[in-house]
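Participant: Protein chains in written order, with this note's numbering: chain A, 2 to 482; chain R, 22 to 249.
There's no promise every hint is true.
Computed footprint of chain R on chain A, listed as stretches where at least three residues anywhere in the stretch have a Cβ under 8 angstroms from a Cβ of chain R [as the list claims (entries may be wrong)]: (1) 284-296; (2) 327-335; (3) 354-363.
Under the rule of at most 20 angstroms between Cα atoms (straight-line distance), these lysine to any residue pairs were calculated in the SDA-like manner [what the hints assert, rightly or not]: (4) R:Lys32 with A:Leu281; (5) R:Lys191 with A:Leu271; (6) R:Lys121 with A:Leu271; (7) R:Lys32 with A:Leu256; (8) R:Lys191 with A:Asp293; (9) R:Lys173 with A:Glu317; (10) R:Lys228 with A:Asp404; (11) R:Lys32 with A:Gln278; (12) R:Lys215 with A:Glu331; (13) R:Lys191 with A:Glu331; (14) R:Lys191 with A:Leu281; (15) R:Lys121 with A:Glu330; (16) R:Lys173 with A:Glu326; (17) R:Lys191 with A:Val291; (18) R:Lys220 with A:Glu326; (19) R:Lys121 with A:Val291; (20) R:Lys215 with A:Asp323; (21) R:Lys32 with A:Asn280; (22) R:Lys173 with A:Ala180; (23) R:Lys121 with A:Glu326; (24) R:Lys215 with A:Glu330; (25) R:Lys32 with A:Leu277; (26) R:Lys191 with A:Glu326; (27) R:Lys121 with A:Pro252.
It is worth saying that the hints were derived from the structure and are not from the lab.
Note that CB positions come from ideal geometry on N, CA and C, so glycine has one too.
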Amino acid sequence: MIMKRSISLRLSAMFAALSLVVFTLTGSGLFMLMKRQLFNELRETLDTRARIAELIVDHAPNVAKWAFVQEKLRDLSPADSRMHYYVESADPRFSFGEPITGTVDGSLGPNHLMVRQPGKNYDVILTSYMVPAAGERPEVKLVVGTDCERTQLMLRRFGIALAVLILVSTIAVALLSRAVTRFGLAPLTRLSREAAQLSPSNRRQRLHAGELPEELHELATSFNGALERLDRAYERLESFNADVAHELRTPVSILIGQTQVALTRDRSVLQLSQTLQSNLEEFERLRVIVNDMLFLSRCDRGERASDLTAVSLRAEVSRMLDFLEMPLEEAQLTVALHGDATACVNTSLFGRAMSNLFVNAIQHSPPGTSLQVTITPQRGQVEIAVSNPGEQIDSVAREHIFDRFYRLQEARSNSHENHGLGLSIVKAVAEMHGGSVFVRSAEGVNTFGFSVAVDDGQARSLPEPDSPRASRGGLPVHASS
Amino acid sequence: MKVLVIEDERKVVDYLRSGLTEQGWIVDVAMDGEEGAWMAVEYDFDVIVLDVMLPKLDGFGVLRAVRARKETPVIMLTARDRVDDRVHGLRDGADDYLTKPFSFLELVERLRALTRRARAQESTLITVGDLQVDLISRRAMRDGVRLDLTAKEFQLLSVLARRRGEILSKTLITELVWDVNFESNANVVETAIKRLRAKLDGPYAAKLLHTIRGMGYVLEVREDGSPS
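If we strip away everything but chain A, and leave its shape as in the complex, we get:
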């Protein structure tokens, strides 16, 4: 995974870019405004001077007066002046000055031309008037110009100064925003330092969400939530390990003990083979626990049931009732089966779950009572429930009854036959079929069940046979003897 550059670095870079744009826009605006103002002023000065010159030219109708005009115009444009006058006339006696030539560089209006003279690095603004003929003077064209050397120089300097200022401020913004974002992100740094200190040895530790700004509060809260869930899973795992060890300890200590006893004296072959047989029983018990644990761990890893076949769940339950016929008879229990649905299940896993539910019901039902099995199709899943009359199960026990190795107090006594994984296997089977487990306890009836997921439209209810007693192989109902 590529790590993104630091947030503060990215933020300050963005701030800098943003300020560069804003400063440049402002600077350009200022520059344009300034330029316009300066040129307007130049043009106004030029127009005033041109009108004076026009008056002077207009008042000279003959050659004698024209000499006076020439003198006046010369006075108006001393050598260092920025003003230029030129009078163009058909009669050479009535002319003045040199024409200003160059390339036209733009215009400031209908009567104002910008001209760049060759070899100069500034423009000249020219304006011209036609002065009508009077006396012996023909009509002349008066051209007045002013050069923009100082203005343009000033503008150039102003532009450079602006650019330098923009650059410097941008750098300043970049540096300052770096500091500001660092300051602003300080809670994040603190949070990550706090998170770095979390360790499995102190699992109760949480992030201090209360002191954090709004934006980080949510993050810290959900992070704490994740820690909480992990903590609970870890706790379950820990107690699970302890339970496994405890569960294995009993058979292992029996094995060690009785083998040692057998070996401390000379025993007859019969005695020795009895010890071995007893050992074998304990080994079988260990094998069953190990296999069940492996099965559960496969489910924990998220394995889904395979080899799914679409079957009538009623038929599958009947098959299990057929299998359990004799234990049910021994326990003097009858079974009534209600409802049906088709679902895709792994029949072996489904049968195992059903068998475990029945074994659970057989162990906890008083003789002579009846078990109710209901198959209920629901949205997207089918629920299979086994109800038996029995003592109320309190809510704490209900919450844990599908946990591994969880046994009600009464069931602990016969732990030899019942290793406490039966219902957790039901849960695993349900989960492998995309379903879940449930337990209800009310009015002297305990109901344990699980659901399996079905594809849409598949969980259609099958018509129930006329009599709930009718069934394949005559098995859902067992007359107690």
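We have chain A already, so just place chain R on it with the hints.
Facilitator: For chain R alone, kept in the frame of chain A given last:
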């Protein structure tokens, strides 16, 4: 019948060797994958028992080496209970697998199935001592008296009678009688045996149905005739 056991765990090798020898097999052993592959290819065996976790060359490697040359049936022993192990093994040509911890009886059962060792000619009328089981008319007689058995009880008796003298594990009985292939903690087999025993052996001095603690049940005539 010759069986090659490729397994590196000394204790497993020891009990498999003596157990299978007593069952009438000729047992050869290889303690690592390379030796096993060599022996499997070089000599002829009726079946090979192959562990997955082996030094030098693992079980899958051995299997490929064998399959490149021979069609000897192979049963794999896997410690890891993962489906992909199974798929892996079966696709590469293993004929069967057992997940550790497995029961010796089950291994023997699978070996028999793989080698299709001919059982005693399947007769429709089986006699064990004074017991006669007629598989066709589904009737059982002892000492000339017909036993009043339910359908399931008769099925259980016929499974035991067909394999008289063999110890049948509870798992196998569950599979053969009820077609249920998972281990159940319901005492189905115990109850069924108890009922069958009451009808079969109850009134008679010579007991035929014996319990082998921790292993299973066997139907046979014993000299002492004592119940176990």
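Participant: Against this structure, judge whether each hint is valid.
Facilitator: Each hint, compared with the structure:
no.: 1; hint: 284-296; in the structure: holds (count 9)
no.: 2; hint: 327-335; in the structure: holds (count 3)
no.: 3; hint: 354-363; in the structure: holds (count 5)
no.: 4; hint: R:Lys32 with A:Leu281; in the structure: holds (16 angstroms)
no.: 5; hint: R:Lys191 with A:Leu271; in the structure: violated (23 angstroms)
no.: 6; hint: R:Lys121 with A:Leu271; in the structure: violated (30 angstroms)
no.: 7; hint: R:Lys32 with A:Leu256; in the structure: holds (18 angstroms)
no.: 8; hint: R:Lys191 with A:Asp293; in the structure: holds (17 angstroms)
no.: 9; hint: R:Lys173 with A:Glu317; in the structure: holds (18 angstroms)
no.: 10; hint: R:Lys228 with A:Asp404; in the structure: violated (44 angstroms)
no.: 11; hint: R:Lys32 with A:Gln278; in the structure: holds (19 angstroms)
no.: 12; hint: R:Lys215 with A:Glu331; in the structure: holds (11 angstroms)
no.: 13; hint: R:Lys191 with A:Glu331; in the structure: holds (19 angstroms)
no.: 14; hint: R:Lys191 with A:Leu281; in the structure: holds (14 angstroms)
no.: 15; hint: R:Lys121 with A:Glu330; in the structure: violated (35 angstroms)
no.: 16; hint: R:Lys173 with A:Glu326; in the structure: holds (10 angstroms)
no.: 17; hint: R:Lys191 with A:Val291; in the structure: holds (18 angstroms)
no.: 18; hint: R:Lys220 with A:Glu326; in the structure: holds (18 angstroms)
no.: 19; hint: R:Lys121 with A:Val291; in the structure: holds (10 angstroms)
no.: 20; hint: R:Lys215 with A:Asp323; in the structure: holds (17 angstroms)
no.: 21; hint: R:Lys32 with A:Asn280; in the structure: holds (17 angstroms)
no.: 22; hint: R:Lys173 with A:Ala180; in the structure: violated (86 angstroms)
no.: 23; hint: R:Lys121 with A:Glu326; in the structure: violated (31 angstroms)
no.: 24; hint: R:Lys215 with A:Glu330; in the structure: holds (13 angstroms)
no.: 25; hint: R:Lys32 with A:Leu277; in the structure: holds (17 angstroms)
no.: 26; hint: R:Lys191 with A:Glu326; in the structure: holds (17 angstroms)
no.: 27; hint: R:Lys121 with A:Pro252; in the structure: holds (19 angstroms)
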